[in-house]
Each structure stands twice: as structure tokens, then as C-alpha cells.
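There are 2 protein chains.
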Amino acid sequence: MPSREVTVAVLGASGAVGQQILRNLEERNFPVKELRPLASARSAGNTVKFRGEDVTIREATPEAFEGVDIALFSAGGGVSEKFAPEAVKRGAVVVDNTNAFRMDPEVPLVVPEVNRDEIDNHKGIIANPNCSTIQMVVALKPLYERFGFDRVIVSTYQAVSGSGAKAMEELTEQSRSLLEGTEPKKEIMPVGKLEKHYPIAFNAIPQCDVAEDNGFTLEEMKMVRETKKIFRDDAIGVTATCVRVPVLRGHSESLYVELGKDFDLEEVRQALREAEGIVLQDDIASQVYPMPLDAAGHDDVFVGRVRRDTVNPRGLNLWVVSDNLLKGAATNAVQIAEHLV
Amino acid sequence: MPSREVTVAVLGASGAVGQQILRNLEERNFPVKELRPLASARSAGNTVKFRGEDVTIREATPEAFEGVDIALFSAGGGVSEKFAPEAVKRGAVVVDNTNAFRMDPEVPLVVPEVNRDEIDNHKGIIANPNCSTIQMVVALKPLYERFGFDRVIVSTYQAVSGSGAKAMEELTEQSRSLLEGTEPKKEIMPVGKLEKHYPIAFNAIPQCDVAEDNGFTLEEMKMVRETKKIFRDDAIGVTATCVRVPVLRGHSESLYVELGKDFDLEEVRQALREAEGIVLQDDIASQVYPMPLDAAGHDDVFVGRVRRDTVNPRGLNLWVVSDNLLKGAATNAVQIAEHLV
Numbered sequence: 001m002p003s004r005e006v007t008v009a010v011l012g013a014s015g016a017v018g019q020q021i022l023r024n025l026e027e028r029n030f031p032v033k034e035l036r037p038l039a040s041a042r043s044a045g046n047t048v049k050f051r052g053e054d055v056t057i058r059e060a061t062p063e064a065f066e067g068v069d070i071a072l073f074s075a076g077g078g079v080s081e082k083f084a085p086e087a088v089k090r091g092a093v094v095v096d097n098t099n100a101f102r103m104d105p106e107v108p109l110v111v112p113e114v115n116r117d118e119i120d121n122h123k124g125i126i127a128n129p130n131c132s133t134i135q136m137v138v139a140l141k142p143l144y145e146r147f148g149f150d151r152v153i154v155s156t157y158q159a160v161s162g163s164g165a166k167a168m169e170e171l172t173e174q175s176r177s178l179l180e181g182t183e184p185k186k187e188i189m190p191v192g193k194l195e196k197h198y199p200i201a202f203n204a205i206p207q208c209d210v211a212e213d214n215g216f217t218l219e220e221m222k223m224v225r226e227t228k229k230i231f232r233d234d235a236i237g238v239t240a241t242c243v244r245v246p247v248l249r250g251h252s253e254s255l256y257v258e259l260g261k262d263f264d265l266e267e268v269r270q271a272l273r274e275a276e277g278i279v280l281q282d283d284i285a286s287q288v289y290p291m292p293l294d295a296a297g298h299d300d301v302f303v304g305r306v307r308r309d310t311v312n313p314r315g316l317n318l319w320v321v322s323d324n325l326l327k328g329a330a331t332n333a334v335q336i337a338e339h340l341v
Numbered sequence: 001m002p003s004r005e006v007t008v009a010v011l012g013a014s015g016a017v018g019q020q021i022l023r024n025l026e027e028r029n030f031p032v033k034e035l036r037p038l039a040s041a042r043s044a045g046n047t048v049k050f051r052g053e054d055v056t057i058r059e060a061t062p063e064a065f066e067g068v069d070i071a072l073f074s075a076g077g078g079v080s081e082k083f084a085p086e087a088v089k090r091g092a093v094v095v096d097n098t099n100a101f102r103m104d105p106e107v108p109l110v111v112p113e114v115n116r117d118e119i120d121n122h123k124g125i126i127a128n129p130n131c132s133t134i135q136m137v138v139a140l141k142p143l144y145e146r147f148g149f150d151r152v153i154v155s156t157y158q159a160v161s162g163s164g165a166k167a168m169e170e171l172t173e174q175s176r177s178l179l180e181g182t183e184p185k186k187e188i189m190p191v192g193k194l195e196k197h198y199p200i201a202f203n204a205i206p207q208c209d210v211a212e213d214n215g216f217t218l219e220e221m222k223m224v225r226e227t228k229k230i231f232r233d234d235a236i237g238v239t240a241t242c243v244r245v246p247v248l249r250g251h252s253e254s255l256y257v258e259l260g261k262d263f264d265l266e267e268v269r270q271a272l273r274e275a276e277g278i279v280l281q282d283d284i285a286s287q288v289y290p291m292p293l294d295a296a297g298h299d300d301v302f303v304g305r306v307r308r309d310t311v312n313p314r315g316l317n318l319w320v321v322s323d324n325l326l327k328g329a330a331t332n333a334v335q336i337a338e339h340l341v
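From first to last, the protein sequence lines are chains A and B. As numbered in full-length UniProt numbering, the first sequence has no gaps in its residue numbers, which increase by one up to the final residue, 341. As numbered in full-length UniProt numbering, the second sequence has no gaps in its residue numbers, which increase by one up to the final residue, 341.
Check the hints yourself; a few may be wrong.
Note that the list lumps identical chains together, so a pair holds whenever it fits in one copy or between two copies.
What the hints assert, rightly or not - Straight-line C-alpha distance at most 20 Å; calculated EDC-like pairs for lysine to aspartate or glutamate:
#1 LYS186 to GLU338
#2 LYS89 to GLU26
#3 LYS82 to ASP150
#4 LYS193 to ASP283
#5 LYS193 to GLU169
#6 LYS196 to GLU212
#7 LYS228 to ASP150
No lab work stands behind these hints: they were computed from the structure. All values derive from a computational prediction rather than experimental measurement.
If we strip away everything but chain A, and leave its shape as in the complex, we get (with noise of 0.2 Å):
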């Protein structure tokens, strides 16, 4: 039995990781009280499914938080720098999934794998890393253990649903309309608000956000920042490439790391293997390895083609997937939240 009961506001909770997050507070039994469904006006009255039965979603205002113990936020970056300050006035503990507070140094940024004792050091808000950035950071953490690194080169092999339920439905119409022979609408992808949009069905393009001034996107730039602030180790060097690819769910890494030390590639997979929260599925001569149509739905990080690179032997390359809506959000931040209870 838990030892607490608690009211938990989900606030998106019609998005793709709302509905994700509503289905682990279920599957992990997480101790509701009572489920307050939060949204914007426009889609306040619908109703969600929760423990078998409808729940009407309430539109977001701050006195919609009195009485709430814990806040998991998914509505994008500007609705929560405008709430999360109002849940925390009112006593809730915000867990927020987006960009907003991630580089805050007040707000404990927290994957539990690699930096559980963080939690206990919040002030009112949690943050959730990007979705890239966790289950990399999941797969080096036994790796940063045992042998230490400071080099990490990452390629990214991104599902749409990243960008959100729209996304998804628009690499299945493009699909259509490709096989069909007709024009794919463009409208989302590779990011809604900028200008320019490309078909995804078919196509593979680099570019998850928006750009910064040195070249690199927003979505590269989390990766550098956000694993020096999980690692607390400002030393770690990390170069990103992101890529979206028509997949629906599940973020797939092409991974080259350096290790501190001289490596038997027997004890790296150990490692791997008991390590929390990662699947590791590693024997290419049988042709085992992971793949995001078999991650999706999992909450694990699953690992595989672990081999020592052929030009540096303390080089390491690995092929990390998982669900991008469940470990890479709404696992991660119920795992947050199942700290705090």
C-alpha cells in the first residue's frame, strides 16, 4: 500500500505525452487521489479516460492547482513558465516535460537512472529532460561509472511524435499520399513555427528544432547542455546530430563514446546489463539488436551493437532506442513524481 494518497494535475492532458502519462499513473499504480486533467480552453470539457472511467478536462488557470500535490506539465514551453510559478504558490510540485526550466540552476533536472538524490534539492519544480537526452544518458550512466569518458559523438534517428499527435498523423497522411501518387501536406515538420515545411514520409531530415547561432539546433544544443548538468560534470563533451526519420514512436542514437580507461568489451556489456532501466538486446551474428518498432510501448532503453571502435581502443560504439513518449516523458516524470509520494 503507498503511504500517501495524492491529487496529481496533468496539464496537457490531451497530447500525446498527456495521454501516455495518464496510462503509466495507471499501469504503475501510481497513488491518485483524486486526477485533475488540465488543458487549454479550447479543449477544457473533453474528457479523458482514467481507471476506466471519463474524467472532463478543466481549462488551466492558476486557481485550477489549489489542492494539487503534484503538477505533470506537457503543454509546451510558454504554458508552463506561465503556471508552473502558480502551482507552486498554491503548495503542488511541478514535474515539467519541456524546455523551460531545464537550465534553471534552481530546478534539479533529473533522469532517477543517473541522479535520483537531485529530487529531494527542488524548490517547487522538477525538470524532465529532452527526450534524446534521457535515454542517452540512461545507456552511459553504468558506462561514466565504471570507466569515466569526457567525448561523446551522438547521431539521432528521431520519431515524429516527438513534435506531437499532429506530427504523427501527418507522417501517416504523407505516407498515403506518397503511395498514392498525390502531394503530401506539409504543415508540421521539421518544426510547426518555422516557415519552411518538408514531407517526412520517405525523407530524413536534419533538423528537430530550431536553429542556434553556431550552426547547431536547439534539440543538439540540450544534448550538450543538459548531460553536463545530469552528469554535474562540465567536463563531458558532447556533439549532436539530430535527425528526424518517418518513425512513429521511438528515438533511435547512433552513439561514439571515448572511455576514461582501457575497456574489456565483456565487462562494458555487463555493465549494460545491470544497469537500471536498460534492455540489453547485443549479438548482431544473430542479428539481435534494438529497433524502434520493437521499443515502442516499453519503458525501458534498449542497447545494443556494442562494439570497440577500430581506430582507438578505448573507443566505444553503441546503438541505443527507446519510446520517446514513455522513458523519454511520461515514464520519466511518473518515475519523478513516484519519488516524491
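Based on the hints, put chain B in the right spot on chain A.
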């Protein structure tokens, strides 16, 4: 006017690459006196279109190469091993698209933009490199000349057409099945001759060829070995992760290169812009970068996302896209043939 007209055999004329070779010979006005399309007994008797006429495919036999000046092979490694010596014996020069002779020290491995001068050293056979190697070395050539490098880390996003026309059908059929909610047929991907087959539609498969003993795949090791041979520089260390993605035509590559000396980013862009065979599409602020849907059907290698590493000031990131059936196969072979006449 061409200096001489020649008899050209195309072995594997009905395949995905063979078809592109025929189109290339036409479009580039290759001085063909007689076109001799060859294939297995199964395809013999069918016709191919060339310069508006139907030309009957003949069965590939040793005698079929009598009178042939140039033979372009793309019918698989075993077929090349069998027929290349027969064609050479009869006076033909073979340009081979398969893996059969690439690492043979007697056989030049040629990408004209990089090592055109080696064509003249042939002893009857010239090998065309692997598709993913070709586009990478074209992009690397101007950097090698101007700055030098000995370290490349590459992750690929490879189109299914690298496995032939049937793999393209498989992707479209699987996409239809998954959109309709029916079970997709799995017969070819990731490697036709291996035991296990996985859906490639809406998926990413980190295997493009059979496994080697070191945990890398043959596709990955081709990039390692062929790059050294093409640049005639054994000091070049390449680490590759080769991944199949649901794209029909056009391989993409995320490259990290450590240059041999300090560089100015504008100087790098200028070198790429001026290089033979490269089109620079590099302006992330305006959402300009190469994508496989745009590159399909074009002969060039498209380069973008040019940026300095955030960690190592000599580190450079690039995104390189090219049509794997054209520059990655047919175009490169026909360019070699052009040099021969």
C-alpha cells in the same frame, strides 16, 4: 563529337542499378556503338529501353562478351567473379559495381573526383566503391586536400534501394500494410540471404550487411577499408555505424571529421562549394540542408549542416546526401567509363 564509339555490355541490365546505368548512358550521351544488355537466363529474352528502342536482354555467357569494349557489371559479387575474367580475356574493360574485386590490390578502386588518375593503372577490371563510401569520399576530398585529416566518425541513414528493386517494393508494400493495420510481409530487409527479416517501414534497422567477427557489419567495414584505399592513406581511421531507414532513394550520412589543422568555417564552405561533384546546401537559419527526397534523381553529392564542433575546435560536422543508385552506383560507373573512351 566523341573520339570513338564503343560496344557496351551492361550485366544486370534489369536490376535497380542496371536500369540507372542505361539511363545514364543515354543522358550523358555516352558514345555507344552497340548496347548489349546481359542478365541471367531467367531474364534473357526480356527487353530494355535504350534511346527509344527495345533492346533484347541476352543471357550472360563468356561468349556474350566477344567484341565488347566496356562492360558495366551490377549483378552481384558471385556473377562478377565468374564473368569478369571472361570479359577481360575477350578484350573488354570491366567496371564492376560489386564487392568482388574492390580490395584486390591489382584492381583500382575509383571515385573520379578523388582518384581519377588510377583508372589508367587498370589490368582489365576497375572497381566501383560501395555507395555509402562514394558519397563520403567525394565530400571529404576537398577537406583532405586543404586541411588533411586522419579521423572520421560516420553514422548512415541508408535507403532500401541499396538492396535492389525488390527491397523498394517491400518498403512500399509494408508501408501500405502498416497503414491498413495488417501484418507486413518481411522477406528482404535487412539482408536478403540472412535468416531473420524485420519490417523497415516506420522503423530503423542498424544492419545493412552481414556481421564480421569484430561486431561491425561488412557495410561498415567497407567504409573503413575502401576509404583508406581510395585516398591511398592507411592512416585514415574511419568508424562507421550503418543503418537502414524507410527511405526509397538517397543515402544520408552524419559525419564528424577531425581536421589536421585549424580552420576557418568559411574556408571550409568555400572548399566544398568549389569542389567537383558537390552541391553545398548549407544555411540552417533559413532551413536549407540536403534531404534524400530532394537528392533522388540527381548525380551530385549534397553537403550541408557544416559546423564546427563545440568541443574540439578542429572537429567539423557535415550532413552528406546523395542518390545511392546514381553517384553511389550507376553515375560513378559511367563516369569511369567516360574516362576510358
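So, going through the hints one by one against the coordinates:
1. LYS186 to GLU338: neither (40 Å within a copy, 41 Å between copies)
2. LYS89 to GLU26: neither (27 Å within a copy, 73 Å between copies)
3. LYS82 to ASP150: neither (37 Å within a copy, 50 Å between copies)
4. LYS193 to ASP283: between (42 Å within a copy, 18 Å between copies)
5. LYS193 to GLU169: within (17 Å within a copy, 35 Å between copies)
6. LYS196 to GLU212: within (17 Å within a copy, 42 Å between copies)
7. LYS228 to ASP150: For LYS228 and ASP150, only the intra-copy Cα distance (10 Å) is at most 20 Å; the inter-copy one is 28 Å.
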